[in-house]
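> For reference, the chains in residue letters:
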Amino acid sequence: MIATVAAGDAQADRVVPPTGFTARLTLFAAGTMAFLTVFALALSLASGRLAQRWGDELAQSSTLRISAPAEQLDAQTAAALRLLETTPGIASARALSDKEQRALLEPWFGPDLPVDSLPIPQLIEIRETDDGYDSAGLRLRLQAEVPGAVLDDHTRWRKPLERAAGRLRLLGWVAIALIGATTGAMITLAANAALAANAQVISVLRLIGAQDSYIARAFVRRFTLRALAGAAIGTVMGMGAILLLPAAQDEGGFLTGLGFTGAGWALPLMIPPLAAVVAYAATGAAARRTLSELA
Amino acid sequence: MIELENIAYNYGGGELLSEISLKLAPGSFHFLTGPSGSGKTTFLKLCYGALIPTAGSVQLFGQDVRQMDRDGHALARRRIGVVHQDCQFLDHLPVADNVALPLTVSGRDSLEQVSNLKELLNWVGLGHRASALPPELSGGERQRAALARAVIMSPEVVLADEPTGNVDWEMSQRLLQLLVELNRMGKTILIATHDLNLIRTAKHHVQARVLRISNRKLQLAGADL
Chain A
1 MIATVAAGDA QADRVVPPTG FTARLTLFAA GTMAFLTVFA LALSLASGRL
51 AQRWGDELAQ SSTLRISAPA EQLDAQTAAA LRLLETTPGI ASARALSDKE
101 QRALLEPWFG PDLPVDSLPI PQLIEIRETD DGYDSAGLRL RLQAEVPGAV
151 LDDHTRWRKP LERAAGRLRL LGWVAIALIG ATTGAMITLA ANAALAANAQ
201 VISVLRLIGA QDSYIARAFV RRFTLRALAG AAIGTVMGMG AILLLPAAQD
251 EGGFLTGLGF TGAGWALPLM IPPLAAVVAY AATGAAARRT LSELA
Chain B
1 MIELENIAYN YGGGELLSEI SLKLAPGSFH FLTGPSGSGK TTFLKLCYGA
51 LIPTAGSVQL FGQDVRQMDR DGHALARRRI GVVHQDCQFL DHLPVADNVA
101 LPLTVSGRDS LEQVSNLKEL LNWVGLGHRA SALPPELSGG ERQRAALARA
151 VIMSPEVVLA DEPTGNVDWE MSQRLLQLLV ELNRMGKTIL IATHDLNLIR
201 TAKHHVQARV LRISNRKLQL AGADL
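Chain order of the listed sequences is A and B.
For the record, in the first sequence the residue sitting at position 213 is 213 according to UniProt numbering, with numbers rising by one throughout.
For the record, in the second sequence the residue sitting at position 210 is 210 according to UniProt numbering, with numbers rising by one throughout.
Hints are computed from structural coordinates only; laboratory data are not their basis.
Small disclaimer: the values here were computed from a predicted structure and weren't measured.
Keep in mind that a hint or two might mislead.
Said to hold, decoys possible - Cβ-Cβ distance ranges computed for the label pairs, FRET-style:
no.	chain 1	residue 1	chain 2	residue 2	range
1	A	M237	B	D69	44 to 50 Å
2	A	G240	B	L133	39 to 45 Å
3	B	E170	A	P273	58 to 64 Å
4	A	G264	B	A132	32 to 38 Å
5	A	A241	B	R66	30 to 36 Å
The beta carbon of each residue, even a glycine, is placed where N, CA and C say it ideally should be.
Kindly produce the complete structure, drawing on both the sequences and the hints.
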């Protein structure tokens, strides 16, 4: 039947009179829903990228914080670096310079922070190998050899962030499913209105020997093509709106990264055919139900 | 062809038709008469399967209407041309398309059939009105267009419900002549009408059997016709 819809039947199309209200409703509903789907899809894809980025950035780095009296700080830092160099699974370890530590604190304390005169702990940035290291074992060794060291392997940050990004992605897909269901419901309402308005047409067609499949096809094809056209317009507008969003920037964080990248731009192009499939199924069900009720 | 056996039909809580049996033989010509509200239209609807009898059986071309699915009904209706009293057209389509509708829905709208369509429209005197819309037609033109639509598939049976109800005497004679011609082509004709003058005129041209619905029963009409 999908092939028949695609191929078309000029005579069958003319059998059902054009109905302005249901045509406009279907076009508007499909267009609006496609527009929203583009944004839900962008949200979902951006959440996926965010989760990936957070995972990548945090998964393979750790921080060692050394809190010790000023006169012991350098010695404990050196001991910690030696220990880290010999720890399997650690690719590199580097003590942050005063300038780097000042830069980290600057957002909270301003640019003139006298780092030298404050008891600020020394931070060591650790990069892991792909295999990673045994954090429990490293903690035990640090406890024995560098008593002021506290290891932060970012697990407690990474997990909730990844979980939040995963939820956002799920939210995007749920929104797409809901939009699809709403589109189906609205097209069903429009199809029901059109079928009810054309009860006389159906009666004439039956009188002259039209089979229900012929009558249903005339309605289904019309609504499927309307939904396809409306969704195409909505998708183009949605993609245009996404293009107008600010480009992804580090300062902007997540919000400016809402959009498509690379082959991801092809995904919204699936929305119009999917809307047509939804309309095809919804109108087909509505037509079958109405025709059986009119029997 | 069409066979009704001891049928009854209830409507509005009462029995409208009762103990009716009739067999429409191929090539026969029948008139169905009776007072308004006696059940003539209901009887015709029972004859083409639009209504299912409350009791008894209706056979269309050897099949019981109760055993037929909707596709079966549709296929049977292609073998029965129906002219409704109110004609029932698709008002957004020109007359030619309305007349050709049975061909369209059955997938038989070939070039040859389109040529036949022109001949048919000329036969019913509507060749010059082919592109007019149904609301633009007069009562007589609508009846003739409905008759053309009913016969375009070359059905074996033509059922006409008050085909001359909305037309003047001259036009009713013309419509009757068309139906008589169809009968001479071998079609079975059943006309429901309360116009006794039409029946008297027809009897000069064709061997017609006149039936009357009276007190819910179908009777052979008497010599007063």
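> All the hints need checking, so say for each whether the structure fits it.
Evaluated hints:
1. A:M237 / B:D69: 44 to 50 Å: Holds, since M237 of chain A and D69 of chain B (Cβ atoms, about 46 Å apart) stay within the stated range.
2. A:G240 / B:L133: 39 to 45 Å: holds, 42 Å
3. B:E170 / A:P273: 58 to 64 Å: Given range 58 to 64 Å: holds, Cβ gap about 59 Å.
4. A:G264 / B:A132: 32 to 38 Å: violated, 56 Å
5. A:A241 / B:R66: 30 to 36 Å: Check failed, 59 Å falls outside 30 to 36 Å.
Figure legend: structure checked against the earlier numbered hints; hints not met, in rising order: 4 and 5.
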